[in-house]
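Novice: For the protein sequence lines, the chains are A, B and C, in the order given.
Under my numbering, the first residue of the first sequence carries the number 1, and numbering increases by one thereafter.
Under my numbering, the first residue of the second sequence carries the number 1, and numbering increases by one thereafter.
Under my numbering, the first residue of the third sequence carries the number 1, and numbering increases by one thereafter.
Just so you know, not all the hints are guaranteed correct.
Because identical chains share one entry, a pair is satisfied inside a single copy or across any pair of copies.
As the list claims (entries may be wrong) - Calculated pairs, BS3-like style, for lysine-lysine (alpha carbon to alpha carbon, straight line, at most 27 Å):
id: 1; residue 1: K153; residue 2: K200
id: 2; residue 1: K181; residue 2: K386
id: 3; residue 1: K97; residue 2: K377
id: 4; residue 1: K386; residue 2: K97
id: 5; residue 1: K97; residue 2: K85
id: 6; residue 1: K379; residue 2: K93
id: 7; residue 1: K153; residue 2: K97
id: 8; residue 1: K89; residue 2: K386
id: 9; residue 1: K386; residue 2: K85
id: 10; residue 1: K99; residue 2: K181
id: 11; residue 1: K99; residue 2: K379
id: 12; residue 1: K86; residue 2: K386
id: 13; residue 1: K200; residue 2: K181
id: 14; residue 1: K200; residue 2: K386
FYI, nobody ran anything at the bench for these hints, they're computed from the structure.
One-letter residues, chain by chain:
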Amino acid sequence: MKKLRFVTLLLSIIAILSTSVAHAGTNQALVELLKALEENGTISKDVYELVVEVANQGETNQAKAIVAKEDVKKMIQEEVKVVAKKQAKDQPKITMKDKFVVESGDGDFSLRVGGRIQADAAAYSEDIRRQNDGTEMRRARLFVQGKFWDAWKYKLQYDFVNTGSAGIADAYLQYAGMPWKVTVGHFKQPFSLQNMTSSKYITFTERGLPHLFTPGRAIGVGAGRSGNNWSLNAGIFGEGIDAASGDEDEGFALTGRASYAPILNKQQHLHLGSSLSYRNSGSNDTLTFRDRPESHVTNVREVNTGSINADSNLRAVAELAYTYGPFSLQGEYYYVDIDRDSATLSDLDFSGYYAEGSWFLTDDMRNYSGRKGSYGKIKPGSVVGKGGLGAWQLAMRFSSVDLNDADIAGGEEQNFSLGMNWFATNNIRMSANYVKVLDVKGGAGDGDEPEAFQVRAQAEF
Amino acid sequence: MKKLRFVTLLLSIIAILSTSVAHAGTNQALVELLKALEENGTISKDVYELVVEVANQGETNQAKAIVAKEDVKKMIQEEVKVVAKKQAKDQPKITMKDKFVVESGDGDFSLRVGGRIQADAAAYSEDIRRQNDGTEMRRARLFVQGKFWDAWKYKLQYDFVNTGSAGIADAYLQYAGMPWKVTVGHFKQPFSLQNMTSSKYITFTERGLPHLFTPGRAIGVGAGRSGNNWSLNAGIFGEGIDAASGDEDEGFALTGRASYAPILNKQQHLHLGSSLSYRNSGSNDTLTFRDRPESHVTNVREVNTGSINADSNLRAVAELAYTYGPFSLQGEYYYVDIDRDSATLSDLDFSGYYAEGSWFLTDDMRNYSGRKGSYGKIKPGSVVGKGGLGAWQLAMRFSSVDLNDADIAGGEEQNFSLGMNWFATNNIRMSANYVKVLDVKGGAGDGDEPEAFQVRAQAEF
Amino acid sequence: MKKLRFVTLLLSIIAILSTSVAHAGTNQALVELLKALEENGTISKDVYELVVEVANQGETNQAKAIVAKEDVKKMIQEEVKVVAKKQAKDQPKITMKDKFVVESGDGDFSLRVGGRIQADAAAYSEDIRRQNDGTEMRRARLFVQGKFWDAWKYKLQYDFVNTGSAGIADAYLQYAGMPWKVTVGHFKQPFSLQNMTSSKYITFTERGLPHLFTPGRAIGVGAGRSGNNWSLNAGIFGEGIDAASGDEDEGFALTGRASYAPILNKQQHLHLGSSLSYRNSGSNDTLTFRDRPESHVTNVREVNTGSINADSNLRAVAELAYTYGPFSLQGEYYYVDIDRDSATLSDLDFSGYYAEGSWFLTDDMRNYSGRKGSYGKIKPGSVVGKGGLGAWQLAMRFSSVDLNDADIAGGEEQNFSLGMNWFATNNIRMSANYVKVLDVKGGAGDGDEPEAFQVRAQAEF
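For reference, chain A alone in the conformation it holds in the complex:
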C-alpha cells in the first residue's frame, strides 16, 4: 500500500505538472516538494528525476500549445497570403502604368485599350512657294487589342484624322502559337527601320524624306519569326484598305524584312537590316511618289513624280543603326526600280537616303528591340511631375531623295533638320523641329528652299 500511495502521489504531481498551463507557481512548489521528498528519502533519486523529466515534457507540451495559440495570427496571415495569391491567379490583373491592360489570371486572355494624340503647329519661312502656317492634328488614334487562349491575338486601330476606311491603321488577327507567327488582315508591310519604328518613337516629328518609297499598310498574310537579336518577316499583300476599288484587279506585293543585331547589350546595340518589296500592279495600276518637306502642316510637296503607270516595281532598303549609351546614329538607303506598263517607256530608278544622329542630354538611351528590329518607347529615368526632369534629346538629320529619272521630273531634294525631344514621362513627349530644305532640283518645287519650324505635343496611352 505504501507503494501505491507513492505512486498515487507521483501520478498526481505529474498530472498537475504536465497539464495545467496556469500553474507555473504551483508547479515550482511541487517540484520543490518532490525535491524535499527525495532529499528526505521518501522517494528515490531515480523516481525524482523521472517525475521531473515527465513533468518537463508536460511543460514543453504546454509551451507548444501556448505558442500555437499565439501563432494563430501568423497562420492566418500565411493562409490569407496563400488565398490572396490564388485569388490573384484567378482574377484578372490590371496594368495602369504606361498602358491600360487587363489580363486574365492565367495569362491566356487580355485586352488593351490605347491610342495616341499628336497635335502639331508649324510656321514656315517661305522661299518660292507658299507654305501654310498653322496647326494640325497629326494623329488621333484609338486601338483595342487583345488575345484569346494565349495564342490568338488581334488588333484594331483607327486614326480619326482620316476619313472612312482610310483611317483603319491596324485590323488584323494573329496566330502566335508557333515559332512562325502568322498574321492576317491589314497591317504594316515589313519594310525599313524608320517605318517599323512607331510614329510615337521616331526621332523627328516626321520620318526622313525617303520614307516616301515605303509601301504602306495593306491587307495580306504574313509570317514572322524572331530571336533575341534577330527578326524575319515576310508576307503577301493586296492593296491598302483605302485604295480606290474600281473594276480593276488589285495586284499583289511580296514584302520581307530581316534584321540582325550583332551587338546588343545594355550599353550599346548595332542594328543591321534589309527589306525588299516586289509589287505586281493590277491590270491598270498607277504609282505616285511624293512627300511634304518633313513637316506635315503644309500641303506643299516639293518633290512629286505625279502618276506613273507601272507593271511592277521593286523596292529595297538597307538599314544601319548604332547606339552607344545616350548617342545614336541611324541611316537607311532606299532604291526603287519601276517596270512601266509600256514597251516604249524605259524602266525608272529612284533612290534616297537619310542619316541621323541623336544624343540624350540626360542619362537615357534609345530603346532598341532585337525581336522587332526597331526602336520602341523611350522611358525617361525621371518623371516630370514627380520631381524629375524627364529625358532630353537633341538630334540632327540629313536626308536626300532623287525622283528624277528618264522622262519623270519628280525633283531631287536635300533636307537638313535639327530636333529636340522632351520625354516628360513614358507617355508624354514634346518635340521641336527645324527643317531646312537645302535644295530642290527639278520638278514643280525646283529651286525652292523653305524652312519649317514645327512643334508637337504627344500623348500616348
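Dock chains B and C against the given chain A, drawing on the hints supplied.
Specialist: What follows is chains B and C alone, placed relative to chain A:
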C-alpha cells in the same frame, strides 16, 4: 482511509488520463495498471469501467481540442472564402473569356468593349463582266455597351470601313425593366432570320441574295418581348442615319417580326418566323434594290433595279430553320410590293428565296437562341492552340432573286454556293466560299455567270 | 503518511479541477466531495478554500482558453480586413456607377471610357419654307481619357455623326501639376456659359440662337486656374481640325473667359461670367454666321450671313445665371465686331441674346460647378427602374439674334421655346421641345415663322 487512498489513486489516474495530450503511452500504461488492480480485486469492475469511461471521455475531449487547433487552418480558409465572396459581391467582376465585360458586384452596372474584324480576299472567274480580284476589309467594328441600374441599357457600335455617320451601326438605349423592352435610337429593324443573325455568325461570308430586300438599320422606337422559345418585336422607324437629308420629309416604316420554336432542346430546334415591314416613303423618296453576287470584294451588281419612285412598299418574309445535332437546314422566302408614286405606273412585285444546308464535321452544333429567334456564336468543343481542332463546318446554298417586273428590268439571279468554316476558338473563324452565279436573266448583268472564290479571316472580341 | 495521503488527494482534485475543460459535472462532484471532507473534518476549512480557489483559477484559465479559440474567427476577420485593405490600396479601383473609371490603387493613373448617344426626331409646322420632318442621330460619341502620374491628363473624344477629322471633338493633353493647368491640343475655346455647359446638360435640346457666335473647338494651347467659386481660362488657338487647309496661313485666336459665383451654396448659386475672343484671320479667311432654328433635324437656316471676308473679329459675351433650389434663370448677351478685309467695306456689328427659366417639378436642382463656371450632370434624387420617378424639369426660353448690318442681310430672328426634361437616371435623359420662330426679318428666311416639335433620347456613359 483505505477507501480514501483508492479514491485518490483513481482520481489521479483520471486526471492524467483525461488531460494530458502528450501521454498516450503513459495513459496506456495506467489503463493497464487499472486493469491489473481490477483483476487482483483492489478495485471493483464497476469502478474500473467507470474510470475507463471517464478517461475515454477525457481523451475524446482532448481529441476535440487537438482537432480544433488543427482546424484553425480550415476556419481561416472558410472565413477567407466568406470575405472573398463578400468582396466579390462588392467588387466588379471582370469576364475575359470570349468577351471583355466588367460588371459591378451587384450586377446593376456593366460595361463591355468589343468588336469584330473581317478581312476578305477574293478571286473571280469572270464571264461577261469584269470583276475585280483583290482584298477588302469587310467589317472593322468597335462597340461599347453597358447597363445602368440593371434596367437601362445602351450600345454604340461603329464600323470603321464606312465613312462618317454611315458607319454608325448601333446607337441606342433600352429600358429593359418591363416585360416589353423598349428600345430607342439607331438599331436593326426586326426582319428576317439571316438579317437578325449577326454577320459574325451567318453560315456563308455573305447573306443570301434576297437579303437585298431587307430594310436596314434605322432610327426609331421599338418594343420587344420574348420567352424561352418565342420572340415578338415591332417598331416604328424613320430612315437610316446615313440617309441623304435634303429638304424632304423622311417618311416612316412599321416593322415587326415574330419567331417561335416548337422544338427546342439540346439536340434539335425548329425555327418558324415571319417578318413584315411597311414603309410610307416621304414626299419624294426613291428605292433601289441591288446586290453583289454573294461576294463583296467585287463592285459588280448582277441585279439592280435602279432608282424607283415609291409611295410606299410592303416587305414580307417567311422563315424556316431546323437543326438536328451537326446538321442544319435554313430557308426564307421574301416578297416585296411597291406602290409607285404615279397613277399610270403599276405596282411592282419582287421576290426571292434561299435555302441552305450545313453540317459540322466535328461534334458541334449551331447555336440557336429562342429568345432572339436567331443564331448566335458557335462555340467549338475544342480550341486550336490548346490541343484542339476547333469546329469544322461544310455548307451549301441555293439562292434566287427576281427583280424583273412591269417596266423594271432589275434582273433575275440564281446562285449556288459551297462554304467551309473553321471555328478555331469562340473568337476566331476562317471561312472559304465558292459562289457560282447560275444564271442572270434581264438587266445589265443578263447572261453573266461568273464564279467567286472567297476567303475570310474573322476575329470577334 | 496521513498527511501525504491528504496532500495526494488534494493535488489530484486540484489537477482535475484545474485542467479538464469537459468535466464540469465531475468538478462539481469533486467540489462537493471536498466540502463533505471539510465538513467531516478530514480537511480543514483553510485547505478547502485554498483548493477551491486554485480550482477556480484553473476554471478561469480554461474559460480564457475557450474564449481564445472562439476568438480565432474574430482574429481571422480582422486580419483578412487588413489584408483586403492593403490589397485594395495596391489594386486598381473600378467605378461603375454613372461612369466607367479604372484608377490605380495609388490614384496616380486612371482610364475612363465613355460617350453619349443623342437620338432625335422632329416634326415641323411649316410656314413659308419647307422643313424636313424626320429623325437624326444628333451625337454619337466615344471617348477615352485618363491620367499618368496624377499630373498628366489626356482625352480623345470622337463624334461618329461627323465625317473624318471633323468628328474629333477633344484630342488634348494637359499638365495639371501646377495651379495653372496647361492644355495642348484640340479642345473647346473657353467662351460663353451655354457653350461651356456640355450638350448633355444644356436645358433645351439645342443651345440658344446666339450660340452661332461661339468660336468652336480649335487646336491651341490654354492655361486655366480655378477656385471653389471662380475660374479663369485663356488660350491661343489656330483653327479647328476640320478647317479646310488650302495653301493659306491659318491665323490665330486669343480667347479667354472668367467666371465668378458670389453666391454658391447648397440652396442657391449666382453665376457671373464674361468671355472674349479675338481672331486674326489668316491671309484670306472668311467667316459665316448661320444657324438652324434651335432644332437640328431640319437643314433650313432661317438666318445666314453667307461668307464674309474678314481681317479679324472680336466676340464678347456677358453671362448671368441664378439658381434657387428647383428654379433657375440663365441669360447671355453676345456681341461680335468684324473688321473686314477691305478698305471700302465698313465694320460689321452683330449681336444676340437669350434668357431661359427652368423649374424642377421634383425635388432636384441644377448642378453648378464653381470651378468650371458651368453646369454639370443632373443627378435625379430617385432612379427610374429602382422605384423612383427620376427628375422632371420644365423650361422656357426666349432667344434673339441680329445678323443684319450694313450690306449684310443675314436676318434677324426671335424664337420662343418650351421644354420638358425627364432625367430617368444619372445617365438617361428624355427631352421634348417646342420651338416657335416668332419672326425673321431680312435674309432668305424673311417672314418665315415655322414651329418645331422635337424629342430626344439621350444616354450618357
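Novice: Are the hints correct? Go through all of them and say.
Specialist: Against the structure, the hints come out as follows:
no. : hint          : verdict
1   : K153 <-> K200 : both (22 Å within a copy, 17 Å between copies)
2   : K181 <-> K386 : between (40 Å within a copy, 16 Å between copies)
3   : K97 <-> K377  : within (13 Å within a copy, 30 Å between copies)
4   : K386 <-> K97  : within (14 Å within a copy, 31 Å between copies)
5   : K97 <-> K85   : both (21 Å within a copy, 21 Å between copies)
6   : K379 <-> K93  : both (22 Å within a copy, 25 Å between copies)
7   : K153 <-> K97  : both (22 Å within a copy, 13 Å between copies)
8   : K89 <-> K386  : between (32 Å within a copy, 19 Å between copies)
9   : K386 <-> K85  : between (30 Å within a copy, 25 Å between copies)
10  : K99 <-> K181  : both (24 Å within a copy, 23 Å between copies)
11  : K99 <-> K379  : within (13 Å within a copy, 31 Å between copies)
12  : K86 <-> K386  : between (34 Å within a copy, 22 Å between copies)
13  : K200 <-> K181 : both (24 Å within a copy, 24 Å between copies)
14  : K200 <-> K386 : within (23 Å within a copy, 35 Å between copies)
When the structure is compared with the earlier hints, no violation turns up for any of them.
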